[in-house]
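Undergrad: Residue numbers (our numbering), protein chains in the order written: chain A, 10 to 423; chain B, 10 to 423.
Misleading hints may appear alongside valid ones.
What the hints assert, rightly or not - No more than 30 Å apart at the CA atoms, straight line, and that leaves these computed lysine-lysine pairs for DSSO-like: (1) B:Lys231 <-> A:Lys36; (2) A:Lys64 <-> B:Lys399; (3) B:Lys399 <-> B:Lys328; (4) B:Lys111 <-> A:Lys120; (5) B:Lys36 <-> B:Lys111; (6) B:Lys111 <-> A:Lys111; (7) B:Lys204 <-> B:Lys231; (8) B:Lys111 <-> A:Lys64; (9) A:Lys64 <-> A:Lys36; (10) B:Lys336 <-> B:Lys350.
What the hints contain is simulated information worked out from the structure, not anything from laboratory work.
Number of protein chains: 2
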Amino acid sequence: MAFLVKKYGGTSVGTVERIQRVAEQLKQARDDGDDVVVVVSAMSGETNRLVGLAKDIQPGAVDVRELDVLLATGEQVTIALLSMALKALGCEARSYTGGQVKILTDGAHSKARIESIDTENIMSDIRAGSIVVVAGFQGVSADGSITTLGRGGSDTSAVALAAALGADECQIFTDVDGVYTTDPRVESKARRLEKITFEEMLEMASLGSKVLQIRAVEFAGKYNVPLRVLSTFEPGEGTLITYDDEENTMEQAQVSGIAFNRNEAQITVVGVADQPGIAYKILGPVSDLNIEVDMIVQNKGMGGTTDFTFTVDRNDYSKVVAFLTSKKEELSADSVVGNDKIVKLSIVGVGMRSHAGIASRMFRALAEAGINLVLISTSEIKVSVVIDEKYLELGVRALHDEFELAASSTNELS
Amino acid sequence: MAFLVKKYGGTSVGTVERIQRVAEQLKQARDDGDDVVVVVSAMSGETNRLVGLAKDIQPGAVDVRELDVLLATGEQVTIALLSMALKALGCEARSYTGGQVKILTDGAHSKARIESIDTENIMSDIRAGSIVVVAGFQGVSADGSITTLGRGGSDTSAVALAAALGADECQIFTDVDGVYTTDPRVESKARRLEKITFEEMLEMASLGSKVLQIRAVEFAGKYNVPLRVLSTFEPGEGTLITYDDEENTMEQAQVSGIAFNRNEAQITVVGVADQPGIAYKILGPVSDLNIEVDMIVQNKGMGGTTDFTFTVDRNDYSKVVAFLTSKKEELSADSVVGNDKIVKLSIVGVGMRSHAGIASRMFRALAEAGINLVLISTSEIKVSVVIDEKYLELGVRALHDEFELAASSTNELS
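Could you put the whole structure together from the sequences, leaning on the hints where they help?
TA: As structure tokens, then:
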């Protein structure tokens, strides 16, 4: 008997048959005595179809208010169909759009932030024994306009609802059965983690492990909502994401997982004057272009100049190189060089805080594999390096071995 | 300069290109100085697609609350796309779902009735120079649930908005260019009417001229909203539907149009006791089956028995015959017979009120064409006969000639 918020993504509700299967799982939970609020995405493919229509209609910049009106229909279709499927199984159910709940957001169309959630109607339905079916991804602004939280925002909807309702757990059902020590397609010995902390999950997610939306993890951490990632299609316990359990920290592994991001490119502004304000002078105009910068490294050079290096999304690479090259004179730089054939590789683990020497073990393992490091950047629970993309698989496997993450390992994780 | 409510049906907004064409027409009206509120249906095919999904999910009786949630997405897609198309033309526009307006209805899902319309937001947008784009067919009940007005309800939405907003005219854009004296596919000499009264339009609509929804015409008549039917695809003045203009009644034609309905079937309960309550005894159980009865004729028979005849939708024919046959003993009837190869043919015109002998002219014209009449039924502005379906075209043309409705005629219509 628990109060659960369950979220099913687009693939999990992608066909009539899959919606019916989800309904059966929900009925089982209800029959077991759980109170259930379910949050759903649009059926897979639907959001892309709608975006396609919008682009056909307004080939330039699409009006974001109206795009939100359009996209919100995707989840609205799913809540209706899932509620019908539940009723077909004899299960009481009631659907809510974001506006009907109401999930109040700011007015930033296509990337709105949740400000408050009215729980009254939902709680009254739950008390009456109904399963409540809520459209993810959407809300309503103060002026009554439909808003959306941005792609993947259904995870955020689910976590925010779990926090507002005081649910025992927020369960995110996806097409993978949990969070792994690394990508199993790269390292076959990768192992599903039973538990991981919010902080570790944030680092894993931000590095390209696309199991969960970063904002959803942040939200869960902020409101301390236990978050579980499970498979829609296979039974299993999945991976539980919670706060670090203090009692177990003694035994915890130093490294929980190996993450990587293939989608980065590196840019170096060579020979700029080593003086206060140079970082802002370079990155200010870049962020004005709405381009996000990831790693930033500045190395003291000789003779009063320095090389300033940072990474950006690979799609933005040419644009940024061209832009900074055009500003070369203004920056008094010798040249702008770069490389878009690189990847970022990281080890993540809260155990690093209390264990020295983790970074050097990482560097040694990579050196022994013959991999040269282009950039290094560290945070409290993460060490990232940039390497040539051709060494990605080699590097992942070397680190997975080095930190004994394989299924046969006796390491118990955080 | 007028305040217009314009309604475009599913065919008119069936593709991206058609939506763009509608946007151009609306921009033209705005540029001409008109204030414009536009009501749209779902893109053609969309409602059927959604109903198909619902039936796949819940093959028995579909939950009507959730069906409304599902179907309402159809119009929501159109309002978003049309607003985008208007903005792409540099026209200010703002979309509203039924709930956002808000169009308050009763809670009768799938056939809700409008109770009130909040005009504040729409008027403020209109004053600001925007075109307001409203989702037809939908509203919201007092408990915040999405409701729909039933198929074709977008016409009713448009008329109700025009009434609430005090618009000068409600224009219904369709794939035909107006209301005709009869179906041009049956009588090539059929002529578009410039004007027709609400009452005549009601009779024409109820007889199968599917240009307008009956409820919309009733609503327009009740609130005296001038209603105009026009083509989306061809220029023209269409047909204006208004109250009978007293000043012109002297000159008006006796008959405005010839309507027919191919979708009827006739059932006779033979030899029932001619006593009070027999009509209810037969038709009460039929209406309990949710079957609508159209014409009802009872002929005094001989020897204390009577034959009781009525017509139903052809789809309900077998069901009703089987049902009444099973009740034969109870009704003390000799037999139940019927015919589903019949059609109803009618002449309609407010002029009948002041001109005697119209019905007999009709009967004579049909007799001269060799057409036998099975049933006759009359109302104030209509005479209907049931004839063998094979004589339909012959009958329509005979009456069209008899009442001089052809384009070359000098008859000026109401």
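Undergrad: Tell me, in ascending order, the numbers of any earlier hints that this structure violates.
TA: Going through the list in order, the structure violates hints 1, 2 and 9 and respects the others.
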